[in-house]
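The listed protein sequences correspond, in order, to chains A and B.
Here this note's numbering is used: position 206 in the first sequence is 206, and no number is missing along the way.
Here this note's numbering is used: position 83 in the second sequence is 83, and no number is missing along the way.
Worth flagging that the hints you see were computed from the coordinates, not collected in a lab.
Accuracy of the hints is not assured; some may be wrong.
The list cannot tell twin chains apart, which means a pair is met if one copy fits it or any two copies do.
[Claimed, not checked] Here are the simulated lysine-lysine pairs, DSS-like style, with alpha carbons at most 27 Å apart:
| no. | residue 1 | residue 2 |
| --- | --- | --- |
| 1 | Lys-351 | Lys-287 |
| 2 | Lys-50 | Lys-134 |
| 3 | Lys-287 | Lys-163 |
| 4 | Lys-286 | Lys-353 |
| 5 | Lys-54 | Lys-433 |
Small disclaimer: the values here were computed from a predicted structure and weren't measured.
The chain contents come next:
Number of protein chains: 2
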Amino acid sequence: MSPVNNHYAVILCGGSGTRLWPLSRTFRPKQLLALNGEQSLLQQTANRLKRYVKPANLYTVTHDDHKFEVKGQLADLIPEALANVLAEPCAKNTLPAIAWATHQIYLKDQSALIGVFASDHAIDNEEAFLTAWKAAEEVASDDYLVLLGIKPHEPATGYGYIKPTNTLLQGNSLPVYEVAQFVEKPDLAKAEQFVSDGYLWNSGMFVFKANVFMQMLSQHQPEIFKVITNISNDSLIDDYTNLPSISMDYGLAEVLVKHNEKVAVVPVDMAWSDLGSWDSIYTRHKKDQNGNVLHGNTIGVDTSNSLIWSETGMLATLGLENVVIIQTPDATLVCDRSRTEDIKTLVAEIKQKSPQLTEIHQTVQRPWGSYTVLEECQNFKIKRIVVNPGASLSMQMHKHRSEHWVVVSGTATITINEIEYTLQENQSTYIPKTHKHRLANNADKPLSIIEVQCGEYVGEDDIVRFEDTYGRCN
Amino acid sequence: MSPVNNHYAVILCGGSGTRLWPLSRTFRPKQLLALNGEQSLLQQTANRLKRYVKPANLYTVTHDDHKFEVKGQLADLIPEALANVLAEPCAKNTLPAIAWATHQIYLKDQSALIGVFASDHAIDNEEAFLTAWKAAEEVASDDYLVLLGIKPHEPATGYGYIKPTNTLLQGNSLPVYEVAQFVEKPDLAKAEQFVSDGYLWNSGMFVFKANVFMQMLSQHQPEIFKVITNISNDSLIDDYTNLPSISMDYGLAEVLVKHNEKVAVVPVDMAWSDLGSWDSIYTRHKKDQNGNVLHGNTIGVDTSNSLIWSETGMLATLGLENVVIIQTPDATLVCDRSRTEDIKTLVAEIKQKSPQLTEIHQTVQRPWGSYTVLEECQNFKIKRIVVNPGASLSMQMHKHRSEHWVVVSGTATITINEIEYTLQENQSTYIPKTHKHRLANNADKPLSIIEVQCGEYVGEDDIVRFEDTYGRCN
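So here's chain A without its partners, still in its complex pose (with noise of 0.2 Å):
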C-alpha cells in the first residue's frame, strides 16, 4: 500500500484543550505535546498519514494562534506539507474547518478520496488503522460520507456511538456497514446495552470524495457552502466570523442518516484512544513495578498506580495511590485519578482567577523561536530569549521600558535605530526605551540572550511593530 495521487489528508489541529491542564494550555493545546515520547500528537499523526498519502496532499487546519508552532512541528518532518496549513482566524468547530480545507482540494481534484483526522489521537495500531482506511475509501468510492467507528472494550460515557446496520462489504477488506443512527453520549446502563448491541465509538474519523462532500455541503448546509466556495485572503477573517460553529456529525453526518442518506462505518479495534484526559494518558503509559507512570524528577516512596508527572523541579510522593500530579514552572495539579474527567471545572475555576495560568506557559513559542519569563516583578521583567538560525524578531520599540541584553551563546545581530552590531557570548547591549530596536540569529546554531526589561511597565502588549517577517506588525 503506498501513497496515490488521488489520496488526501486533512488534520484537524484546532483543539484548544483544557483537559490536560496544566500541560496543555489555550495556547500549547494537546495536539502539540509530546506527551508518549518525542514526537507531538500532531507529528505522530502526520507520519502516521503520510504512510498512505504523498506529503503534498496533507492538509492541517489548525487556528490562526497556531500556525507558526504547527508549521514548525511539520518543517522538519514533512516540509511539503507546509504550504497547505490553512489557519482559521477563528474557532468554529469541525464543519466548517472540514469544509475549507476538503474545497480547497476540491479545486485541485475533485474526485479526491478525503480522510479526515483528529490531530491529537493516539493510535498503536497502525495497520489496522490504514487496513480500516482503505475498506473505507473503497465505500466512499460508491458516494458513500464513511466513519471509521471503534470496537468498543468497555461501557465508555465519554464517547457518542454509531449504530451500525446493512453490511455494504464483506470480503478481503475490513467488513463496511450502513449507519443507522449516531447517539449521544450515553448513561452506563445505556452503554452497557450499545456495546452488548453492538455499537461503536464515533471516533471523529471520516472518508469521502470531495465532490460527494461538497454536494452534500450544498444541499443540507448551503450557507457554510456559500461561505467556503467564496473565502479568499482578504476576507478570511469577515467569512469565518460569519460562519457557524457546527460539528461535522451534528451538522452533516446525522442530517445525511436522517434523510437516509449514504452514511457507512468501518469497525475497526487499532488500540485507539483520544487521550481526553490524565487518566487515560495513564492508562496507556508503560507502569513501573508499583503501577506508576513517572515522567521527569520524581521519587516516591509507596506511591502507586499513580501518574507523577514534573516539567520542572523535584516531585516527592509519599503514601499515595491513584493519583495524578502534574507539575508546570507555574501551575501544578494534584487529583484523583479517578477524578480526571471533572477537570473542567477546577479549570473554569483558575481562568477566573489567573487566566494567563489556562492560555500560556512560562516557555512562549513564537515563529522565530521562543522566550522563558524567569521572573516578572512590577517595575522589571527577566526572560531568556531563544532566536532560531536564521529568524529573527520584530523591528520594534517599547513606550515604557528599556532592555538590557547579555548574550550567554550564539551570536546577536542588533539593530538599534540605524545602526548594525554583533555581539558574541558574554557581551552584552543597552536598548533605551523609545528607541527602534531589532534582534536578529543570522549564525546557523541557536542564540540565546537574557533580557532584563526595566520601566515603569513590563507588560507585553507595549510593543510597537514597523517590521515583520511573520507579517504581525497589523
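Following the hints, complete the assembly by docking chain B onto the known chain A.
This is chain B only, laid out in the frame that chain A set:
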C-alpha cells in the same frame, strides 16, 4: 511578673530538621521559618521569653551556618540579645550546647536561674507557660534540675515520657513533682498506659541554677565540663570537634535520676506542640469550612481536610482528602496526611539523588541580604541579588566567570579593582573574570540587581575573598 536580673533564658537554635521538607532545609531549618504567622518560630520564642527575662539575659546557641540569619531575625526584635548568640562550629546534640551557654552565664552570675527552651516549638497559652517556668524556678532555687512536662492529651508515640513521683511543691503555684523515671518513646499500648498513669511528655525544657548545673556536669560529664570551661575563640573548632554528641536528657537528666539526685518536673497544659511534622502544622492551623489549611496561591475543588501550601506558582487540587502538599520553587511534596511522620525515608532518598534540595532553597540568605537563582545552565547562571541597606558583599574575584549586573531597584556602589562608582536603577555594568570587585548598598533602601554570570564554570565555589565585613575570608 517582670524581668528580674538573675533570670536568664537559653534558646536552643541548633535544629537542622528535615521533617518539614521541602520548606525546611539544612541551611534554613524549621526555627527560621514563619509557619504560623509573620514571625519565625525563633522570633516567637524570643518574644515569649523576653516577657520574663531582660533582653540582655537571652542567650541563643545555634550552628555557625545559621549565625547570620539568627542574628538577622533577632536584630529588630531584641538587639540586646545579639551579643549572646553562640555559634557552634558543629552540632553535638543538646548537652554541649546547654553546657556552653550555661558556663557563659555562670561566668557573669553563678547563681543565675536559667531556663532552656527549644526555638522551634509552638506554645499558644503563654500565661500557663510563664506560670510553669516560675514554679520551676522556685524548685530550681532549691538546687533541683527541673523539667517542664507536658500534660498529654493523647497517647502519642512520638515523645519520651516522664514518670512523676513525690510532690515537692503544692500551693499557690503549680504542683511540682520529683522525677521517678524517664521513658523512651513508647509503643501505642504503653503510651495509653502512661497517659492513664499520669506520666508527662518530655518537652526538652529545663530550668536550673547555673552553679548547680556546673556542679552536676563536673560530676557526671567531667570531659564535657573540662572542654566547656576552657573553651576559647582561638580553639573553638578543635574544642567542639572533640566533644561527644549527647543529649541533655541522656547525658545528664537520666543519669541524675539513676543516682537519686535532685530532678523535678512541673506539669503544664499550655497548648504546646513541637511542630514535628506537617500533620502537626495542619492540626494547629485554623481550617476553612472544608477542613483545609490553605497557604499561598491555591485553588481546590472537592478537596477536604488537607494542608495545601504553595510558596510559588498555582497549586490546584481536585478530588482529594487528607493530603499534605507543599510546593516550593524547586521541589514539591505530596503526601498522605497520615504518613507525614515517615518523611525522613523520603528525604534520605532525595539526599542521595539531589543533595542540594535538602540543603538550600533557591533563595539563599546571606549576612548582607539574599540571592535567588533564577536559572542555571552549564555556562551561565542568573541571580537576583538583594543587598540590605548599609551592607556589602566581600571584595572578591572569580577565576572562571564574568558577571553582568543590572540594577533593577536602589543604588549600587561598585568597586572594580581600585575604582569605585555608583549605578542607579536601569543602569548596568560588567565585571570581567579575574577582576577584584565589590558590591555595596550605601543607601537606605534595599538594592536589587540582576546578575548574569557567563563562563566555562559557574559554581558557587569559584570565589576568592579578599576582604569581608563578616569575617568570611578564611
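The hints, checked one at a time:
{"no.": "1", "hint": "Lys-351 / Lys-287", "result": "between (32 Å within a copy, 25 Å between copies)"}
{"no.": "2", "hint": "Lys-50 / Lys-134", "result": "within (14 Å within a copy, 85 Å between copies)"}
{"no.": "3", "hint": "Lys-287 / Lys-163", "result": "neither (35 Å within a copy, 52 Å between copies)"}
{"no.": "4", "hint": "Lys-286 / Lys-353", "result": "between (36 Å within a copy, 23 Å between copies)"}
{"no.": "5", "hint": "Lys-54 / Lys-433", "result": "neither (50 Å within a copy, 56 Å between copies)"}
The earlier numbered hints that this structure contradicts are 3 and 5.
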